[in-house]
Amino acid sequence: DSGVTQTPKHLITATGQRVTLRCSPRSGDLSVYWYQQSLDQGLQFLIQYYNGEERAKGNILERFSAQQFPDLHSELNLSSLELGDSALYFCASSPGGLAVDTQYFGPGTRLTVL
Amino acid sequence: AQSVTQPDIHITVSEGASLELRCNYSYGATPYLFWYVQSPGQGLQLLLKYFSGDTLVQGIKGFEAEFKRSQSSFNLRKPSVHWSDAAEYFCAVARPKNYGGSQGNLIFGKGTKLSVKP
Chain D
1 DSGVTQTPKH LITATGQRVT LRCSPRSGDL SVYWYQQSLD QGLQFLIQYY NGEERAKGNI
61 LERFSAQQFP DLHSELNLSS LELGDSALYF CASSPGGLAV DTQYFGPGTR LTVL
Chain A
1 AQSVTQPDIH ITVSEGASLE LRCNYSYGAT PYLFWYVQSP GQGLQLLLKY FSGDTLVQGI
61 KGFEAEFKRS QSSFNLRKPS VHWSDAAEYF CAVARPKNYG GSQGNLIFGK GTKLSVKP
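Chains as they are written, first to last, in the working numbering: chain D, 1 to 114; chain A, 1 to 118.
Not everything, but these chain D residues come out facing chain A in the computed CB check (under 10 Å):
1. G42
2. L46
3. I47
4. A99
5. D101
Every beta carbon over 12 Å from chain A, so not counted as near; a handful from chain D, in silico:
6. I12
7. G16
8. R18
9. G28
10. G52
11. L61
12. E62
13. Q67
14. F69
15. P70
16. D71
17. S80
18. E82
19. G84
20. T112
The calculated PhoX-like cross-link candidates involving lysine-lysine, where the alpha carbons are at most 25 Å apart (straight line), are:
21. A:K110 to A:K68
22. D:K9 to A:K110
23. A:K68 to A:K113
24. A:K49 to A:K113
25. D:K9 to A:K113
26. A:K49 to A:K61
27. D:K57 to A:K49
28. A:K61 to A:K110
29. A:K61 to A:K113
30. A:K49 to A:K110
31. D:K57 to A:K110
The set of hints was computed from the structure by calculation and includes no laboratory data. Heads up, the beta-carbon is just placed ideally off N, CA and C, and yes, glycines get one too.
Chain D on its own, in the form it takes in the complex:
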């Protein structure tokens, strides 16, 4: 158990819908990362937050947005969903958000878009 929790575990929805994925980092970790794992693209970095502020952006679509709240939990919002958004979405947390910090991954949320 990494100490990072993600809810829900599974999500099934229809095209065009909007969903919210939630992540609670390890106690004391200030940085949260979101990654998407799909069969064709592999594991891709989406976005990073550090202590409530966006720090880095990766291959995140405009239809996707995220935020980190004062209690440091984070939410990833996916809207106008398409079939291709079906993937496993991981959240990871680290103490300082630097490359030298170990990232601890949650179990993931499996999103299926029908």
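Position chain A relative to chain D; hints supplied.
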């Protein structure tokens, strides 16, 4: 652009045999290097990491990796594989600090799936 290549999609080894998983990176400088393992239905767990110094790095679960600058490689090894090592293994890089990187986001390879024969 930086990239990570894991040439082997799937490897099968016998229990007790040695293992080497290959990883090559393309980067303007030596990045920070990582190996993660993903068991079925689980998140990723860090096995080991390399930033600088001794090029042979020891990790958890009996794994080690060797950084070879001349080959831009960071191969993962284990002398004797156990059935519980069956999983998917990911090599990853992160931008080193002296290249304007304060972010820690990881760039992953496509992964190597390891099967273990009894």
